[in-house]
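One letter stands for each residue in the lines below.
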Amino acid sequence: MLITCPYCGPRDVIEFTYQGDGNRERPDPASQNFEAWNAYVYDRLNPAGDHNEIWQHSGGCRAHLRVVRNTLTHEISSVAFVRGDHASAARRKAEDKA
Amino acid sequence: MMAEYSAFSLLANALKGNKDWKPAWRKPDPKASYDVIIIGGGGHGLATAYYLAKEHGITNVAVLEKGWLGSGNVGRNTTAVRSNYLLPANTRFYEHSMKLWEGLSHELNYNVMFSQRGCLNLAHTPAQFDDYARRGNAMRHLGVDAELMTPAQIKRLIPALDISSDARFPVVGGLMQRRAGTARHDAVAWGYARGADRRGVDIIENCEVTGFLRDGDRVIGVTTSRGDIRARKVAVAVAGSTGRVMRLAGVETMPIESHVLQAFVTESLKPFIDTVVTFGMGHFYMSQSDKGGLVYGGDIDGYNSYAQRGNLPIVDEVMSEMLALFPGLARVRMLRSWGGVCDMSMDGSPIITTGPLPGMYLNCGWCYGGFKATPASGWTFAWTIAKDEPHDFNAPFTLDRFHRGLVIDDKGQGANPRLH
Amino acid sequence: MSPRRTDTGGRIDRLKTIRFSFDGVAYTGHAGDTLASALLAKGVTLFGRSFKYHRPRGLLTAGVEEPNALVTVLKGEVREPNIPATMVEIHDGLVAISQNRFPSLAWDIHAVNQLGGKILSAGFYYKTFMGPVIGPLKGTRFWMFCEHFIRRAAGLGSAGSAKDPAHYERMNAFCDVLVVGSGPAGLMAAKAAADQGARVMLADLEPRFGGSTNWSNETIDGAPAADWARRTVTQLEGRDNVRLLPRTTVWGYYDNNTLAALERVSDHKEQPAKGEPRHRYWAIRARSVVLATGAFERPLVFPGNDRPGVMLAHAAERYANEFGVLPGERIALFTNNDSAYRAAIALKKAGAAIVAIADVRSELSPEMRKLATEAEAEIFAGHAVVATEGGKALSGVKVQRFDMVTGALTGDERSIHADCLLMSGGWSPTIHLASQAGAKAEWNAARQAFLPPKPAQQWIGAGAFTGSFSTAEAIAEGRAAGLAAAGGTSTPAALPTVEAVHGDPDPAPVFEIRAKGKSFVDFQHDVTAEDVRLAHREGFVSVEHLKRYTTLGMATDQGKSSNVPGLAIMAEALGKPIPEVGTTRFRPPFAPVSIGSLAAERFGDLKPERLTPMHDWHVANGATMYSAGLWYRPMIYGLSGETIEQAYVREAKATRESAGIVDVSTLGKIAVQGPDAAAFLDRVYTNMFSTLAVGKARYGLMLREDGFAFDDGTTWRLGEQDFLMTTTTANAGKVMQHLEYFLDVIWPDLKVHVTSVTDEWAGAAIGGPKARQILAACVTGTAVDNATLPFMGIVHGQIAGVPVMICRLSFSGEMAFEVYSGAGHGIHVWEALIEAGKPFGLVAYGLEALGTMRIEKGHVTGAEIDGRTTARDLHLDWMLSKKKPFIGSAMMDREGLIASDRLELVGLIALDNRPLNGGAHIVEALDETNPHGSIGHITACCYSPALGKHIALALVQAGKARHGTRAHVSDPLRNRFGPVEIVSNHFYDPEGTRMHG
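Residue numbers (the numbering used here), protein chains in the order written: chain A, 26 to 123; chain B, 32 to 451; chain C, 166 to 1162.
It is worth saying that the hints were derived from the structure and are not from the lab. It should be emphasised that the depicted structure is a prediction, and the values quoted were computed from it without experimental measurement. Treat the hints loosely; a few may be bogus.
Unchecked claim - BS3-like, lysine-lysine: derived pairs with alpha carbons at most 27 angstroms apart:
(1) C/K240 to B/K53
(2) B/K186 to C/K240
(3) C/K240 to B/K50
(4) C/K240 to C/K207
(5) B/K85 to C/K217
(6) C/K207 to B/K53
(7) C/K741 to B/K97
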């Protein structure tokens, strides 16, 4: 399997560390919503098909990547920096305000 | 009455040109309804059907298999059977399984070739040796056999093993469970299938469940590629596909990830190793089949997958660890590799429970351990289905234990399936 | 009459004689021979014994698919078992032996198994050997008794335990086009792609490129096909965008067009060249792949089809044309298709008599009749071979009239004297790699074969692989595939012209002749047609059940020749078309792969070694090194004659009495820097770090998200925005990833950077009553007195001219300091400290003494923070800040984590004054014969020189409440039982007066 790191280019899967389900949302640190915490820590979508997941390029630039990969075929349809999520979310927020 | 299978029946049939053997199980069409439907014609589903019929007298049972019987992990594993766990809930459960294994061929009148050749965990540092001692003593305090071995004893048992002190990870000792061993994986599925069939269970292959019939919350049957089938109770035993099947029932998330685990076999060799052996400074396990192939494996590939195929990094890792223990095998050749999809749970232990919906029963989350669990899994799941409550053996393996913090984490890795 | 070398012909070098031995007998052959061709040339017909019945077997094939002729190649003590003789290139000094026979290949005692033929039918193991239900052989014992003998009879060659002295290497390669197979299709593809300027790799498992051109007798562009092939190869050789890989088996097709290949670099040489590996493992990332892997010829299934002397038709053609070996003098053929007629001509030309051609088809084309006439062969159209005669070599065959539609045999049998029978049951394209790439093969009724699926990855097929069996088609498809793979569009010149025998590529749909006698489907595993039918009778009808129940296709050849005939027989029994029985999914490897090649450089060198800057000093000063993960650390610095216990007791005692020094360079060290570094640490640690003053350190505890304890260590505040975190040695990598994950994924708004600096710093911990004096004696640039360097204080100074950072913190419980310097100066500083310490009786101590002192102090390490314990279990709840949330804070109070019966950390004192053992369990009431009722276990233990007692740390149920009570150690594994007192884990100086000084 090859993952195309947006920074380093296509690299073998051996350079990456899997960090699992990228759909999980961590509750606000002070949140006392235990259901949300439990869901975040333990519950997984585990789809048979496209999976939104996080990989760290641990043997490369060490960035965390959001990868959409098909769990039936291992085909990767998109790779992006996870940090980009936040940047675009912030942008959206700014646009909403404007 | 003469047993259906025996040396005498073999001889008698041979004299008649082997014309009179009957199918090991019937190929019935599904009925409109059953008392119990078991989704999944793998080892666990078939064992469940067998024990439902035998132990609880519930014979109006269908086992629904989407492909061919035993096509899941019962037919693609490294065949080790052991009960050498650290935590009492696991040890008790797997020891119950071990006891069932010890009588299984007679129970089923089917030789599952369970061979108690022992399982040896190699320790490579004094700290690891202490860790194994902790585990071995935990087993002994629950009445399970375990013993420690010195490097010299290990060398006598496995002459081809490199125990030299200049090895990268020298062997300082090992934990041995003599009653552990291997069994013929396919035979377990076939033996349970035949046993269940002879007791009236309908085993229906090529019957894929496509949805659940519901009465409000309650599950009252399934829709399949061969029509709707109703049942008072619907049991799910589809490890590897748990996420997919539960989603059909509207359960979107589970404390499970599906991962691919590769396994390997070499060409047939004359007897080379007499026991199951595991490497302590990585993840590698190996035994030799009766046919002579060395059967071995290591870690899961480490990413969600429903494809029964893995990739090269694990292949290379497993072979490297193999040669660290057995440098004489460099010229032996890997003949075949395959991949199985494992339900990796969040604590490394399984789930055998009522629910999560009314009318439903769930058996999943087997991680690496499903094959050796087959008899006890079927036995306890049948109990749970029949009595609507768990047996003591599976009472700890609930679905809500994760949220409640009652995890059974033999490896101490937390909610990280990749590391269990 | 027997096989022999022809006078001329073949692609061997007749001037070069090679000497080798087989089963102890000396033979000669020629350069270019395989072991199979060289032995066959010497009249050898018996090559091996089958797996189950130990039947005598000869050569079935001439290539990688050989099921019968398996040998063990010996290199001194090192054994290479199960190698097809057809794949061994002979060289001077080659030593090979036959296998799976006793006492000899010619006289094998296990051949007696044949007498039990009907009993030893498919699946017989499952039906017997269960033994009695009661008595000494009950349970699994009877089976294990039988299994002992079964195992000895089973297996093929033997593996050895001597380490292979050869080395193996791995290459990562990238190319635009990987061409697999170098027959006409592959050569054309490689050339077309190379002409487009693409980076091309061309691999073939044979030593000679050219595939069928080496033996086909066809002409291309007016010259012998082999000449055309050689010319094409020469053109490719000269190009720097082409890499040619002969002897290279592409065996695996993995995700994203990653292919794995095995190059046999020096197996064919007497001695590898200097530095040359035995095998090279190629991991090839190809933009595009051309699969030109050809096809395998199938045997026909009829009684006696396994007798030595019965061979595939094209294999005989290969032996004759490629190796100059005639497999017999009087050759009969049996076929269901046209391709075998070409073999008849070839063997006739090579000097054999073609005594008969039995063809199941009653209607033969005029072309085939003409060829048969040319071969001077008697034609038996509409006939089948129903029996073979002979022992370890063929002496004759029997043919009978055969009705292709009903399968009926009629008329009289006719005996034909022959010493070789060639069979052809049609061809199966070699679609293994395409199947591995992830798609299902498709049945083609005309070809009676599975053709490659639609590509699931980037590959293009060409030639016989696609079911196009003629050379002209191969050439056209090969060029098209090469062009397409390289992304080329230009229309090149005319295609090479081929002169070849034209034949119908479609065979008659006949796979089996049902007559009396054993008809083999899988030769190596002795699976007969009757076994397939028995599987049907017992309901094992899907292709996977068939394989698993009968072991069909599970032998070393993985069913390359047997899969389709087996399926066909099952399909007939079921009355269903073949594709409804199913298709096998091929899995890697295509052909067996040496395990050495897969380990490559890691064979003999499994993991890197991590050494601290002071490593050499430790070794030079008598340290016994201990491997801890990848690190090596001193266990003890033993004096001569000292036991381990004597050594660590001496070291610990000296430390507590004067001073000791220990190498702590292996601790994980992470620089945490940035405006939000303090806020980040507040979230990561359970306790507060934002309140920590610059120039001070603090002990911190981390939890996992699920609320369990994760790691501990001290973190030093070097500046307002600059922290140095230390972690345990074992968790250094995990903590780093944990921090990075949170910064990158969860809190990207935090302005913090983390850098692993473990390898940048050398660390020495010096502790004991005289530690401060020793520092004072060698540190310049700073004072080290209590005011300047209070407990948990940090100062900067120099030692022997080297800048150092000193933090006063203590693991040993003594007044102690950790001295950090740049890793490059580590040994310099260490030696300066040792020198300064000499007058004060400073000793170097190892992990054992370190462990002893930490047990005396009751500090926790990985043995207690084992992934299952909580902060409360370890009495670290005082570190759980209530003022802020932190990782794990929301989850740490769940029911299971605060239960009253959890294991808690305690101290133990052996009341019988005997050593305790790590991993021993604790019980309330001792029962040596039937140990039970464990309430916990020992995590670490030692003889405490400070207390003069054997002590331990343990995790015990509700342990804190048991302080002051008695219990017992129960260690049945080591037969150590005895009373202990449960005490606080803080054995020694619980108030910490010594370290606070």
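Evaluated hints:
no.: 1; hint: C/K240 to B/K53; result: violated, 51 angstroms
no.: 2; hint: B/K186 to C/K240; result: holds, 24 angstroms
no.: 3; hint: C/K240 to B/K50; result: violated, 49 angstroms
no.: 4; hint: C/K240 to C/K207; result: holds, 23 angstroms
no.: 5; hint: B/K85 to C/K217; result: violated, 37 angstroms
no.: 6; hint: C/K207 to B/K53; result: violated, 50 angstroms
no.: 7; hint: C/K741 to B/K97; result: holds, 20 angstroms
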